[in-house]
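Enquirer: If you want the building blocks of each chain, they are given just below.
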Amino acid sequence: MNVEVTNKEFIELPSMNEKSNFKKTLKAIRKDWQLYSLLILPLAHYLIFRYIPMYGNIIAFRKYYPGGPVYGSEWVGLRYFKMFLTDPTFWNVFKNTVILGLEYLVISFPFPIVFALLLNELHNQLFKRFTQTVSYLPHFISVVIVAEMIIELLSPSRGVVNIILKHFTGNTINFLAEPAWFRTIYIVSGIWQEMGWGAIIYLAALSNINPELYEAAIIDGANKWQQIRYITIPGIMPTIMILLILNIGNLMNSAFEKILLLYNPLTYETADVISTYLYRMGLEMNNFSYAAAIGMFESIIGLILLGTANYISKRLTETSLW
Amino acid sequence: MKVSRGEKIFNIMNIIIMIIVIIATLYPFLYLTAISFSSEKYVYAGEITLLPKGFTMKTYQVLLSEKLFWISYKNTIVYTLVGTFISLFLSTLLAYPLSKKHLKGRGIILGLVVFTMFFSGGLIPTYLLVNALGMRNTIWAVVIPGAINTYYVIVMKTFFEGLPVELEEAAAIDGMNTYGILLHIVLPLSMPMMAAMTLFYAVGMWNNWFGPFIYLDKRELFPAALYLRNIIAGAQQTAVSSGSNIGDLEQIEATVKSAAMILTALPIIMVYPFLQKYFVKGVMIGSLKG
Amino acid sequence: MSRKFKILIVTILVLSLLTTLFAGCSSKNSSETQQKETQQAAQNTNSSDPENKHFYSEKPLEFTMLYSEHPAYPYKEDWLLWKAIKDMTNVSLKLTVVPMSDYDQKRSLLISTGEAPEIIPKTYPGQEVPFIPSGAILPISDYIDEMPNFSRQIKEWNLQDDLNTLKQKDGKFYVLPGLHEIFVQDYSLAIRLDIFEKNNIPVPNSWDELYDALKKLKEIYPNIIPFSDRWQGKSLLNVAAPTFGVQAGWGAGNGMYYYRDKDEFGFYPITDDYKNMLSYFNKLVKEGLMDPESFTQNDDQAIQKFVTGKSFVISTNSQELVNLRNKMKETMGEDAFKVVKILPPAGPKGAVVAGGRLENGIMISKNALKNPNFHEMLKFIDWLWYSEEGQTLTKWGVEGVTYKKVDGKFELMPDVTAGFLGLNPNGTKDLRKDFGFGNGVFILMYGGPKELAYSYMSDEDRKFAEELDKTRELLPPAPPVLFDEVQREQANMISQPLMDYVEQMTLKFILGQASLEKDWDNYVQQCRAKGADKLTQLTNEVYKSTKDMLK
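Order-wise, the sequence lines are chains A, B and C.
Heads up, the first sequence is in the working numbering, so the first residue is 1 and it goes up one at a time.
Heads up, the second sequence is in the working numbering, so the first residue is 1 and it goes up one at a time.
Heads up, the third sequence is in the working numbering, so the first residue is 1 and it goes up one at a time.
Be careful, since some hints might not be right.
Claimed, not checked - Interface residues of chain C toward chain B, partial, derived using beta-carbon atoms under 8 Å:
1. Ser92
2. Thr96
3. Glu330
In short, the hints are calculated from the structure, not lab data.
Treat the numbers as computed from the prediction; the structure is a model and nothing was measured.
Here a beta-carbon is modelled for each residue, glycine too, at the ideal position from N, C-alpha and C.
Please put together the full structure from these sequences, using the hints given.
Expert: What follows is the structure, given as structure tokens:
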């Protein structure tokens, strides 16, 4: 395999158009060849396992029959794109996907950060460690069981939530049958399950802040709040921004399996997202080409979202992917 | 040190909040544990709240006496150890050079890397590739195709960017080459991040059922996650599909589901407390002096 | 920045193109070998056993097979099942083991990538459709001449009409279905007979009688909602629908209902029949007789209510009936309850049940044609899944080891237990877990010849089956509509969103979130707007132009 050559081609590409820069590039490569050499293995991995299989995307434009040629059997052009772009149900589930993703991001994103900051302020080390360990337990509970617990918790006849509700208001709510409640259930359970886990990355970033900064601040008479405001938060800001950018890019990826386990026809109105719609469709028709076209559409949106977020972040905070 | 009134209130509030978090996150786990140790009678009646009723080890005895359970456990451990190592190795090799802003071609490489977060070839071409490489039904199919998680690489890169350059420059002047700098300066400085990444990759590999499900056809190669998936989701699926063949509707009891889940999750949960010591303020300075 | 971006795009394009070419070379030769093989077909017939009652190959054979692993009896290499098959046929099966939880996905992947094993069992009729156009699976109808047991059962058990429903556009069928000699409608309602008897409430035989019974129960136990259902109500609706002249729940299908008298299809969810059914269940919910949670709760919750005496009626099948009783023994005590499964209640369209006698079965991948012993494979399949000898083996095991015959009846050996049948609870070795028999990959619970089907039933189940046979009329299957690929795609694009809407409104009408008086007309209009008429028209056109092919 001529993987190495290909890698160099990547690297040299920008210089192709400008002969005057060629020498500069060569010099750069000579100077940094050790850095480049580190890249060989991982880039070969990307080339082989990520880029070679990319040809599969062609089936968005070609009719694919399972078991037939992998790149599809006949050219259908934009047929499948037109198919979902003109499907009113698709736009419904598209809207749901965006709203759910957006609400989830906006509401859940600060939780791990605040949690990590609060943990950081605990003085008793044992208590701190215990809290931290316990907080990430829910991450390990299988989504099937999480869904069962949610259904149990919200049951109108026996669920704790409704028992409390009945005590105070006299009424019960069949939460899982009400479209208006679905997003709340999805978001709250998501926060519960991922907050402690998500905090780990911030804790790692926090421990990288130079303690001397705090010492100096204390000498200057800064109080706790000021320390957090002027040292801690700026210290983890790059991590926060990068995670925010990446999560904005992933906005459209909702927790498919969880939705599948929690939704029902009554809540389709708010709960049905692109992936679940495709899933039901797939049960009926196994149309891979249609799924590939929608997948491509989602990817493009994701890429645009990421690019925009990155651009804005670069302008505002000087943190960016590039 | 003097502690202000406001700070005292903050500390108390903080502890209260943490206790709420502990209750909310610990309770479900205790509940599952209680179910797994209870006799079925009370589970059917829905009488379990926090403590086991009619305490019994029966469920665990049955599960642990299953030879296949131990085989899949062993597989999981091997896959996790090997996979985590490969993942960390490749991710570091990628993230470190990309953290050097002066590196020519960095933008393009980053672009190509990020692009794969959104566009993939899909299952079938990837499967064909892994098959063509002769990896099917080997450990390599489990640990290699998904070895690099782009998301984590970006986070690592960001972390490396935040390290003070002076130390690296000083080492370079002392004649240390890039590999030496990475190994002796950068990695020791990055222990908190490396610990986090180890955890992320290890947990990811431990819980990974999809890769093994796709690429492994032999029962003796299955990891515990796949075993667990079948126990927990298998019963679910039969009940969801029209279930016309009654012969397959044999349900898996809640006690077995809970016990299997706890047995599978426990070892990987135990890893965290050991990594925790790296998440302490001042590690950086300590490692520099040492 | 923009220049970099361009370069990026170009690089990606070049790479994808290269790889497309690279992959293009590898996968072409598929359907050529097909014809050749068929020619030399029936000559391998063993002249001493034309009916394939005992299959045995002189030379040792190996076939590859997909295996769905059930979590309740995890696969074991050393099961007696494998050895017994080898001993009786000289065939060993090389398995691709797949967890049952995601069996469909792996099957699809393996077929799509050309890596499918030769024998692909546990395929429900309909699931084979996506794989037909590519030729990845064989038109099994071309080979049934080589399968004497299968052919004989189709004829003797009068299954030709059922079999016709599997036919595709080309008049062939692609899945070898599992067969039942007797029809078993296994799903119905379980009731707390002791409560009914105590209060002198007769066992309901129709939906109206069920209503009266529930109403009385409510009067006597005002704090209880007597009917709390499981399976999200889908089994209930499936059982009820035919008696109202429609389809629903698990059997909702794509909205098309075959009206035999007119010999055409119609969109049933907007008919008065459908409305009648909805208003019936709406009445139950409205009057507090049926738990509105029935349609959202999970099974464990519904079961818990039933086994702790908080509800008296629930959907069930015979297996789940046994489970309910086992649980109630724990929660209530041995003699504190009586639970029975009642016959599916009758409705305005009579005492009818819908369903077929075909079950999940076997696809054969085109890879099988490459096997020089292809024709032995057909014989082997015919023997193992369809012959009496094969089915006895997979259901009961080896005589003298796992079972013995007493007065022509099957009895487990004393040390062998079969929990799933409720037999020999004190045995030490499990028929399924330790021996591999009674395995869902090889058997249909009540499938095969009558005697074998009955052998798996308790006396109670058997009585139920016989009673059902006497008092309920089995509706004949609707004829298949032979869509081609494009038409099918078109129909699906309409029916999926349409039926999502129907399903949603069905629950809303039942739960009273939408009013049958006020919102019905709007609902009908919405269905039309979503293409109900177009779907009907398309279906009828295709049906009329192709129905001659079925004769």
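Enquirer: Hint by hint, say whether it matches the structure.
Expert: Verification of the supplied hints:
{"no.": "1", "hint": "Ser92", "verdict": "violated (15 Å)"}
{"no.": "2", "hint": "Thr96", "verdict": "holds (4 Å)"}
{"no.": "3", "hint": "Glu330", "verdict": "holds (4 Å)"}
The structure fails to meet hint 1 from the earlier list, while all remaining hints are met.
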